[in-house]
Amino acid sequence: MGPVVQNDDKRGCAKVPRRRGPVRGRAGVRSLIAVLALATVASGCAGGDEGAGRPARPAPGQQPGKAGPPPAAPPARALHSYAARLRAAHRARVAAAKRWGLKKVPLTPPAPPAHKPEIATRKGFEVDDHEELGLPPVFTTIPTEDRVVFLTLDDGAEKDPAFLRMMSELKIPYTAFLSDYLIKDDYGYFKEMQARGVGLNNHTLHHPYLPALSYSRQKREICGMQSVIEKRYGKRPALFRPPFGNYDQDTLRAAKTCGVRYAPLWAEEVFVDHWEYREWDQDLHPGDIVLSHFRGRGDWKGTMPDMVRRFLNKVTAKGYAVARLEDYL
Numbered sequence: 001m002g003p004v005v006q007n008d009d010k011r012g013c014a015k016v017p018r019r020r021g022p023v024r025g026r027a028g029v030r031s032l033i034a035v036l037a038l039a040t041v042a043s044g045c046a047g048g049d050e051g052a053g054r055p056a057r058p059a060p061g062q063q064p065g066k067a068g069p070p071p072a073a074p075p076a077r078a079l080h081s082y083a084a085r086l087r088a089a090h091r092a093r094v095a096a097a098k099r100w101g102l103k104k105v106p107l108t109p110p111a112p113p114a115h116k117p118e119i120a121t122r123k124g125f126e127v128d129d130h131e132e133l134g135l136p137p138v139f140t141t142i143p144t145e146d147r148v149v150f151l152t153l154d155d156g157a158e159k160d161p162a163f164l165r166m167m168s169e170l171k172i173p174y175t176a177f178l179s180d181y182l183i184k185d186d187y188g189y190f191k192e193m194q195a196r197g198v199g200l201n202n203h204t205l206h207h208p209y210l211p212a213l214s215y216s217r218q219k220r221e222i223c224g225m226q227s228v229i230e231k232r233y234g235k236r237p238a239l240f241r242p243p244f245g246n247y248d249q250d251t252l253r254a255a256k257t258c259g260v261r262y263a264p265l266w267a268e269e270v271f272v273d274h275w276e277y278r279e280w281d282q283d284l285h286p287g288d289i290v291l292s293h294f295r296g297r298g299d300w301k302g303t304m305p306d307m308v309r310r311f312l313n314k315v316t317a318k319g320y321a322v323a324r325l326e327d328y329l
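For the sequence shown, UniProt numbering begins at 1 and goes up steadily by one.
Do not take every clue at face value.
Claimed, not checked - Taking lysine-lysine and the DSBU-like style, the derived pairs with C-alpha atoms no more than 30 Å apart in a straight line are:
1) K219 <-> K123
2) K231 <-> K184
3) K191 <-> K235
4) K171 <-> K116
5) K123 <-> K159
6) K171 <-> K318
7) K191 <-> K171
8) K231 <-> K256
9) K104 <-> K171
10) K219 <-> K235
Everything labelled a hint here was simulated from the structure, so no lab data went into it.
Please work from the sequences and hints to get the whole structure.
As structure tokens, this is what we get:
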């Protein structure tokens, strides 16, 4: 049954209903168009001084007999365009997930937080006078309620083109911590990685056990890698991860002097064939930082794409998306 039309004059002109509230969704747009159409019909009855059958005067700027059809509603065009982009992006992710052998399509992370969480050193990971000296915080997780985890990869030994394609096609963010002695044979591989939006950060020049070195030698390892990354990739990084996760006060003092602001460690480590956990419950948590390495069949029983497949299958099954670490710092 159609809408009831109430007449308000002798010519049977429809009383145009007033719409209240914002337009929401496709149904709202269709409703708005219907109301506008009804208003157009009713406008022919609006002139109280016009006699019955007398043509209405054209609006200013409109020539008689030359008015075209009304333009399409901009909100409808914008809505349809946005919906089309979403559908296309989802189809691409579904196809990529199938192509790379994933059990499910990876979840999409939320937008980066407008207000960054406050990052503090994890209890038990402090050094002497850590807070008083304003040293970079050492942490294994990001304080957030978002169901996200962060993938980080260390050193740069393996340079697998398939890994770059996989991460790009699946649109999975990650953060790299590089050592110069392992990347210098192919700086271009990591330049391509950077061009795809990956942050390149400091993992020292030669990957030594830092607490065994003097302050000056530690500073040389850290500041030297800062200079390499700046020269090769245009920016001194704010993130530094000590090799093996080992550090002392000299490490963090040197890192601060070299321009480092954060020293993220990790809560879990993923390999090609298993996971390892820092926490007693052996599980993932919102904001966990996950470590892996640039490794291939020479060190693992598989490839980097095999490792990513294990990583994504688990985090997706647990209801987590993969977010970009730098977006939360």
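Hints, verified against the model:
no.	hint	in the structure
1	K219 <-> K123	holds, 25 Å
2	K231 <-> K184	holds, 12 Å
3	K191 <-> K235	holds, 12 Å
4	K171 <-> K116	holds, 23 Å
5	K123 <-> K159	violated, 36 Å
6	K171 <-> K318	holds, 19 Å
7	K191 <-> K171	holds, 18 Å
8	K231 <-> K256	holds, 19 Å
9	K104 <-> K171	holds, 14 Å
10	K219 <-> K235	holds, 18 Å
Hint 5 from the list above is the single one not met by this structure.
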